[in-house]
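Chemist: Residue numbers (numbering that gives the first Met the number 0), protein chains in the order written: chain A, 0 to 287; chain B, 0 to 431; chain C, 0 to 490; chain D, 0 to 333.
No lab work stands behind these hints, which were simulated from the structure alone. Incorrect hints may have been included.
Here are the computed lysine-lysine pairs in the BS3-like style, where the Cα-Cα straight-line distance is at most 27 angstroms [stated by the list, open to error]:
#1 486(C) to 435(C)
#2 385(C) to 160(A)
#3 160(A) to 236(A)
#4 385(C) to 236(A)
The calculated label-pair distances, taken between Cβ atoms and stated as ranges, are [unchecked claim]:
#5 171(D) to 276(A): 46 to 54 angstroms
#6 276(A) to 237(B): 41 to 49 angstroms
#7 126(C) to 294(D): 26 to 34 angstroms
#8 319(C) to 187(A): 43 to 51 angstroms
#9 55(A) to 205(B): 28 to 36 angstroms
#10 7(C) to 158(A): 50 to 58 angstroms
For every residue, glycine included, the Cβ atom is placed at its ideal position computed from N, Cα and C.
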Amino acid sequence: MTLYLSQFLHAWAYASILYLLALGLSLTFGVGRVLNLAHGGFYMLGGYLGYTVLRQLDNFWLAVLLAPVGAMLVAVVAERLVMRRFYGHGMELHQILLTFGLAFVISDGIRHFWGARILTVAAPALLGGTVDLGLFIFPRYRLFVIVVGIVVAVGLWALIKYSAAGVKIRAAAADGEIAQTLGVHTTRVLATTFVAGVGLAAFGGVIASPMMALAQGVDFQMLIMALIVVVIAGLGKLETVYFAALLVAVVDIFGRLFVPRAAIFLVFALMALVLAFRPTGLFTPRST
Amino acid sequence: MRSAAAGRTTKGTREDDVRFNRLAAASAAVALLLAACGNGDDDPGAAPEETGTEDGTEDGAEEPAEADGEPVKVGVVIMTSGVYAQLGEDTIDGMELYLGTVGNQAANRPIELIIEDETPDTGTALERTRRLIEAEEVDILSGLISTGSAYAVAEFVSQSEVPFVVANAGGNDLARAQRNDYIIRTSFSNWQNNYAVGQWYYDNVGETVALIASDYAAGAEHMNGFRESFEAAGGEVVEEVLTPLGSTDFSAALGRLGNSGADGLYGFLAGTDGVIFVQQYDQSGLRDSMPLVASGFMVEEDVLGEIGEAALGVRSGLHWAYDLDNPENQEFVRLWEEEYGRAPSVYSVQGWDTARVIVEAIEALGGEIGDGAAVIEAMLGVSFDSPRGSFSIDPETHNVVHHVYLREVAEIDGEIHNTVLEDLGEFPDPGA
Amino acid sequence: MAPLLQLEDVSKHFAGVVALDGVDLRLEPGERHAIIGPNGAGKSTLLKVISSELTATRGRVSFEGRDITAVGPARIAQLGISRTFQTSGFFAEDRVVENVMLARLARADKGRWQAWRRLDRIAGLRDRALETLALVGLEHRADTPAAALSHGEHRQLEIAMALAQEPSVLLADEPLAGLAQAEREQIAQLLRGLDAGLTMIVVEHDLEFALGIADTTTVLHLGKVLSQGSPGQVREDPEVERIYTGGRSLDEVKRDVTETTAVQLRVRGLHAGYGQAAVLHGIDLEVGTGEIVGLLGRNGMGKSTTLNCLMGLVSATAGTVEVDGTDVTASGPLQRSRSGLGLVPQGRRIMTDLSVEEQLELGARPGNWTLERVYALFPNLADRRKLIGTYLSGGEQQMLALGRVLMRNPGIILMDEPSEGLSPLMVSVVRDALVKLSEQGETVLLAEQNVPMALSVADRIYVIDRGEIVFEGRPFELRDDPTLLRKTLGV
Amino acid sequence: MSADAVSTTATGVAGPPPRRTGAPRWLRPAVLTLLVVVVTVVPLAQGGFTLYLATESIVRAIAAVGLALLIAHAGLLSLGHAAFFGLAGYGVALITMNFTANPLITLTVPVLLAVLYAAITGPLALRSHGIFFVMLTLAFAQVLYAVAEQWVEVTRGSDGIAGIPRPDWVNGRQSFYVFAVAVLVLVIFLGNRLAFAPVGRVVAAARQNELKAKAIGYPIFAYRYVVFLASAAITGLGGALHVHHRGFVSPRELFWVTSGILVLMVLLGGGRSLLGAAIGAVAYVQLESFFTGVTELWEMMVGLLLIGAVLTNYGRSIQTAARTAWGRLRDGGR
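Only chain A is shown next, with the shape it has when bound in the complex (with noise of 0.2 angstroms):
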């Protein structure tokens, strides 16, 4: 018992990071129709940058704050030279191809400036160690993440809902046309998300790293999970994504306790089996 307990709440910190992830792509998609394949990439930049920033500084938070904001510029840059041109309808596929080339380049660079070799990063003193939940021990770090994972879904949830600005988005990703005769610049809404979102994905990098170690690989690997949850939240819905990761999340750990080897088989068959049949995201009713 206290094992499938402990289990869950590593799933749940787990799961927190896949949201951070997964929520980046799906903000990008819904607003921008943009499915950003090089979204792990920048997931893995951001957590490479925190690793260059903590060895210099030696200030995890800074790390935390730097990371994102580095990670952000590289975006606007491919932002302007490449994905503006490709806005819009009858775009996706090509988006698709580009981002795809994009996740080649930033995995390439980053072997190229960090090297191949693992790279790790120690969670911050206060941070450390365990903590004893009577029934287990418990990382103390994990539950951070935990908590960091509710905040960002709330703190997004209340934006989206309330600002101006969620506002602007909503109206982007409902009708760019006419929010733009209705004074809204489209194509900046647009813009902004897709580097918020890649803020989001280096964010994730950043917290995660001291959990998982850096290393190649980590991208694609952790961008197939993230497209597993966006897929079964809903392509471009924000409000689903968090239960879908841990639903995701809950899979894979409770499957790896079981059917070690089938665990992503589990996984990829869910996301197969609701792309099938519920292409909508399985918290969705079926549109008619």
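Given chain A's structure and the hints, the job is docking chains B, C and D onto it.
Modeler: Coordinates of chains B, C and D only, in the frame set by chain A:
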């Protein structure tokens, strides 16, 4: 990339003109292809024309290179990119370090290293090997980190009868089912180092163990090597967890291990997985209840820095340790650190030994290395005192025979290193 | 004997909206039937239901006695019911003749699954296709890519594709829509000239043409059959008059327009279109401050295109647009909306996931229109302020669409078919709103096909026909000229 | 839209190539046969590594041609063709190691395997359009990848299966090369027959205007299914020969990077013709073998090539393909 060895520069130029032609060819191909899709004809059969033309130019350019036979060309296919790039780098540096001590020559023939990136992809590794043998026409082949690649290359190598010195890949079968007349191994077999630890664990840690390993061939070999001697000693394996390669989260695995109630853990996880595992093991709080004993590579110098404090106290068996107390090792470490300014790893030692085997074989043959079989014969005869202790090649298995040491990760004047606890004795691979 | 094609009590609902409501229809072999009615009457939906592109929510469609309600479009064509599309339906990359060949092959019992012989090497296929092309007078274009054809030729091609299938029933969906005069004549000719044995259903806004070609007629209104009978009867039927003129002709608002208002919007020689289809052939019009100007015309005449072009959603191929004397021709919708243009788009285009209030405040700019005043103007919105916009009724959505533009305090309001698909009651509500606006001194350019509604509020009228302004003047001048009315507006 | 349509028609994809002024009828066939001969002979003459690389190019070109059939004509972008490529590969490995090395078996059965998998996943994937199709194909390929990685007993996990015995007709590298070239020529030929026969023309029509294609009476799903299977078969054949050629197979053959590279090959070839794809594949293999030698940043090169291909609207045609594919989605999605 880094300190240029005489060998590699020459290789540079030689490569360059080949490259140049290939570039020309490639661009020609592109141009042609542009034209082709301009008028997008779909008539069959025109496609292959590319291959013809550009391979023609490329090979034509190589003819003159064939003439000189003077320098000994040693092809090294090894990871210079990817997760295991560090292993490759240490190995190459080790080889160059030794070659430096003998003036980059053997029997008055300059030794020229031609390095190709092995890459994690076996296909590429195989392709590069072919290039070395068929395009560069190397006299001796060495390297290979990945066992998978080693198996793939083995068959082709024996066809072409080029002597091949495996500098790392530890798959047992290279000394058994896949044992090959043209291949020797100076590194280790997965079985060797782990078998050595089983008995020790039973005597010093406990009678039950929970095993964890990366879910691939080598992982199983490491695990079973240990299991063999451990069970022979009367121990019991109470839990066994295999995790997919490239796992980033081991909480599930740790959960099961923790639940097993074993006296301790023994495991081998490759590369990243190992680093992440040890850290999460440290966080999981199992440390106190279940000491971790590992296959040496999991906590070797190349990853130790990254695991950091978390690795302290982890014990492991391997055929070398940083503070191994013998004159060769002290000399080796000194040379290495003043040359490269970083701590050597077991891969450095393997590189060093590999180079030494090659050099001494050439010496023994007086430079007459035309016949691959003869070269292998000479290599089997080589034996010396290596930084890892006594070193020789078993003529039966073509596999190295060396001592295995039980080490513990400890802090040696501010730096984290493996320190020797005990010499477990000499272990050959039993072979088929 | 059973009729060739029969609809019994066919209804179609889209998410609550009733597009078709209990439609009955009998077609005898060789009969030519016209379906007419104002926008939102459900004409196209009816065709889609017959061709099984949509499945009826209720009721039954039968062909030669057997039920074809839900057999799917492919099967329908197999049975011999061919359809031409409202918007171009052809394969742009393929050559003209190949389009026809594909259409023909679709009905051939063998050869459709040929995986070896090239399409153009299939015995006789090409010749037969050329024959069909000759019928519609396109043989000379046989080997040009379909995309390169003119708009009119595309229609010819489509008809050729339909004929190539040797259908027993031909469904023509607005065959004349968006064609220039000369092309219209040609296509009309072509359709009239078709083999008398061919059963045909024509949906068309051009009443002259529709009534001219038809043996029998169905008049649809808001999804219901208003009347059925011979063209003659329909012509005389006052009901038909009424629905085309949107109910009781509204009493005109008496206003004296000061002739000397500054010109706020000036349009000169505006040309625009979509791809091959040129829709506007040189529009000139002016809107003065405080004026309400009506832009009348039948469907597909270019009303919406004009407004979208003014808003920058459709880019002009020639001509200029000036707002308050500054040329905005080059700028996009965003800039135009900032320079004071506001569009109430056709079909309202209410945004999903935004509440009423959010949509109102989305583009809000300081000015005399505030949330309070908009709510005062449309009390319904005030009650539903927290509701998601798309859950509103059609009329309320129209109010919202207008309200969110007002909140921008625009200089000029472009209104596109505000009465479209609304019940007469709602129409009058919208119209009253317009009256209030004019009292507020707002400037409005109103595109309408509901003539009386427009006439009753407008200070000046432009009539657009086939992409050109054919009349400019005061409402009464138009009202007192029935021949002009009938000719340009089909009433 | 129309503008592109015109330009792409100008590329002659949609119909027989436009007559080049003055070129005598016999010229092109003559030149082609000449080329084929040259292509076959030169690497044979060179032998050694050249021959190896040439074979590699040809074999992968075959796989690319399979994907091209889907992208160029049906306008369906699959990021999961690695599935067929790798599955057939594993088929070869397992059959030769456990049962027989008879080429009749080792070439047919694996291809059948690929087709079988396509037959199972096809209906699910073809149900959806555009992005969803891409992700479904991707997912189905990744599932196989996971299996290959996990099912160590059979697949030997990430090590892959090495030392696959190579039958004489393969071991004689010359004979194998000639065989491969022959297969490539045959595949392009057959592929084009299919593409320009009604079946191919119908899916092409559906790519441009799905609604109309249905309206004139074609069961589009069925047609797409057929082409999907054909595409899988060809790519599978490529995969099978690939393993024969290299003598080993690993999960990497099933990884989505492999799919991506296949797509890149097609794009390099202009994305609109089978021949183009073949040339693209050959060019890719050459470029790779060149760049990996001079720089460690090969993956970055691949990425930049991909981006470049789209940015410069390489051969313009990709755009229409993608757009019409998406346009179909919007119409069909209703």
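Chemist: Against this structure, judge whether each hint is valid.
Modeler: Against the structure, the hints:
{"no.": "1", "hint": "486(C) to 435(C)", "in the structure": "32 angstroms, violated"}
{"no.": "2", "hint": "385(C) to 160(A)", "in the structure": "12 angstroms, holds"}
{"no.": "3", "hint": "160(A) to 236(A)", "in the structure": "13 angstroms, holds"}
{"no.": "4", "hint": "385(C) to 236(A)", "in the structure": "21 angstroms, holds"}
{"no.": "5", "hint": "171(D) to 276(A): 46 to 54 angstroms", "in the structure": "50 angstroms, holds"}
{"no.": "6", "hint": "276(A) to 237(B): 41 to 49 angstroms", "in the structure": "42 angstroms, holds"}
{"no.": "7", "hint": "126(C) to 294(D): 26 to 34 angstroms", "in the structure": "59 angstroms, violated"}
{"no.": "8", "hint": "319(C) to 187(A): 43 to 51 angstroms", "in the structure": "28 angstroms, violated"}
{"no.": "9", "hint": "55(A) to 205(B): 28 to 36 angstroms", "in the structure": "44 angstroms, violated"}
{"no.": "10", "hint": "7(C) to 158(A): 50 to 58 angstroms", "in the structure": "54 angstroms, holds"}
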